[in-house]
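Position chain B against the provided structure of chain A, taking the given hints into account.
Each chain, letter by letter, is given below.
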Amino acid sequence: GAGVSQSPSNKVTEKGKDVELRCDPISGHTALYWYRQSLGQGLEFLIYFQGNSAPDKSGLPSDRFSAERTGGSVSTLTIQRTQQEDSAVYLCARLRGAGANVLTFGAGSRLTVL
Amino acid sequence: LAKTTQPISMDSYEGQEVNITCSHNNIATNDYITWYQQFPSQGPRFIIQGYKTKVTNEVASLFIPADRKSSTLSLPRVSLSDTAVYYCLVGEEYNQGGKLIFGQGTELSVKP
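The listed protein sequences correspond, in order, to chains A and B. Per the working numbering, the first sequence runs over residues 1 to 114. Per the working numbering, the second sequence runs over residues 1 to 112.
Pulled out of the complex, with its shape left as it was, chain A reads as follows (with noise of 0.2 Å):
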């Protein structure tokens, strides 16, 4: 069935970089959510979108995160200014169409800040 494709799964970057993690849904056209899960920890919910328009942007960090989607399909998540507790792995999720509220995972972007 249709998943959800993150990239990159792996990104190394010093301290003070900026970072784009990517997240295509594939089937396109749902609802689009993101979440941070530090090491042993649960999942922080980030932002979802519905189409292009995110209505709740209040789970972001702080100012230097950021999200967009474009064409209601692919979204990416920018960080600025990387710091070290940004250090964790970026989920995103499509909502399934059958039943509620039943999202589809993808395997997540593992984000190390050095």
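Zero decoy hints are in this set.
Below, a list of computed lysine-lysine pairs in the DSBU-like style, where the Cα atoms sit at most 35 Å apart:
| no. | chain 1 | residue 1 | chain 2 | residue 2 |
| --- | --- | --- | --- | --- |
| 1 | B | LYS99 | B | LYS3 |
| 2 | A | LYS17 | A | LYS57 |
| 3 | B | LYS69 | B | LYS52 |
| 4 | B | LYS3 | A | LYS11 |
| 5 | A | LYS11 | A | LYS57 |
| 6 | B | LYS52 | A | LYS57 |
| 7 | B | LYS54 | B | LYS111 |
| 8 | B | LYS99 | A | LYS57 |
| 9 | A | LYS11 | B | LYS99 |
| 10 | B | LYS99 | B | LYS54 |
| 11 | B | LYS111 | B | LYS3 |
| 12 | A | LYS57 | B | LYS69 |
| 13 | B | LYS3 | A | LYS57 |
| 14 | A | LYS17 | B | LYS99 |
| 15 | A | LYS15 | B | LYS99 |
To spell it out: a stretch of chain B is covered by chain A in this simulated footprint if at least three of its residues, at any positions, have a beta carbon under 8 Å from a beta carbon of chain A; those stretches are:
| no. | region |
| --- | --- |
| 16 | 28-40 |
| 17 | 45-56 |
| 18 | 98-111 |
Some but not every residue of chain B turned toward chain A, in silico, with C-beta under 10 Å:
| no. | residue |
| --- | --- |
| 19 | VAL85 |
| 20 | TYR87 |
| 21 | LEU89 |
| 22 | VAL90 |
| 23 | GLY91 |
For the record, the hints were derived by calculation from the structure and aren't laboratory data. For every residue, glycine included, the Cβ atom is placed at its ideal position computed from N, Cα and C.
Chain B only, in chain A's frame:
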């Protein structure tokens, strides 16, 4: 938004039935209850979903009492491969998504 509360961790042995209960006292009328399973280095995956009473699939059963303020995920005869973190999620409108907040999850450890 309905907040969920689960035990942080549980231990079990192979072949036993495991029941994980999630509390969601302020669940709304339109909310569904969904459980996910997450293995290390993977994204969570859907296990089961329900609105009320009992739901059963090939993997698990979900019990929801009449007041819907809690739900219990039941895993029959667990094996070592069921060792994972289990999340309860209470969500808004059908297919509309909304702001979906996961609880802290329950780390299940299955021992030989």
